[in-house]
Amino acid sequence: MYVADQTWPELGEYVAEQSLAVVPLGSTEQHGPHLPLATDHLIAESLARAATERTGHLCTPTINVGVSPHHRQFHGTMWVDPPAFRDYVESLTRNLTYHGIDRVVYVNAHGGNAVHLREVGRRLRDDGEAYAIEWMWDESIPDLVNDIFEHNGPHGGPKETAMIMHIARELVREGELESARDGGVVSLADADPRKFGARTFYDAADNTENGVLGDQTDATPEKGEKIFEAATDQLVRLLEWLDAQPFESLLPEPHVDPQPGSRR
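The sequence shown begins at 0 in numbering that gives the first Met the number 0 and counts up one residue at a time.
By construction, these hints were calculated from the structure, which means they are not laboratory data. Every clue listed holds true.
Across the chosen pairs, the derived CB separations fall in these ranges: (1) His254 to Glu208: 48 to 54 Å; (2) Leu170 to Tyr87: 25 to 31 Å; (3) Glu12 to Ala167: 28 to 34 Å; (4) Glu221 to Arg53: 20 to 26 Å; (5) Ala197 to Arg117: 21 to 27 Å; (6) Glu169 to Glu239: 32 to 38 Å; (7) Leu91 to Phe200: 29 to 35 Å; (8) Glu221 to Glu52: 19 to 25 Å.
Glycine included, each C-beta is placed from N, C-alpha and C at the ideal position.
Work out the full structure: start from the sequences and follow the hints.
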């Protein structure tokens, strides 16, 4: 159920019976010469819409711009600073709680958002307002992704390329797949991102000339469909599990006894 397509009485009927919402989040950032800047938020929204159509749960509009300053050297990349992002997501989620939502799944397709979504979730849980968790599509099916792609790459690689081939093939510049591979870094190990245990890089441009990693030529629409369906299945299972939990069981555990000053 996509919230923006409903009327307010219809949403009243939903929250009378349900208290779960899905919030898709991504980014608007470079994904090499072959993929659109919309890659992450297209993937997040498509997965969120597919899963909520199957479960009947509420899906909000997508947050299209995320925490992406590490891609700033490449034309068109947009970002917000982490504190602004966290405050915005928290405010949006508290808006949902005002209408009766007490559990939220952030369907995230951009790694730069993950740690900040976890912090927002902790704030909301500690306040007893909502149980909000971050879900990252490729982390839900790691074995499948590794089996399908020899060099899947963490950014702009064949897994994202295949997903966009499945979701919106017309946006993939298929004539640029070889140049994406040859102008980027096929294996992350070749980017030498760490020295003596330290992360020595801050930006994507520190590691890859064209902004991407992996072998993009390994992507096909069929592979995209396979990983899309598998990730959707995982998201559906998460929504069904979360919906079945008593809200009290999702809140923080009490402080261990005895507490200082309790005289117990």
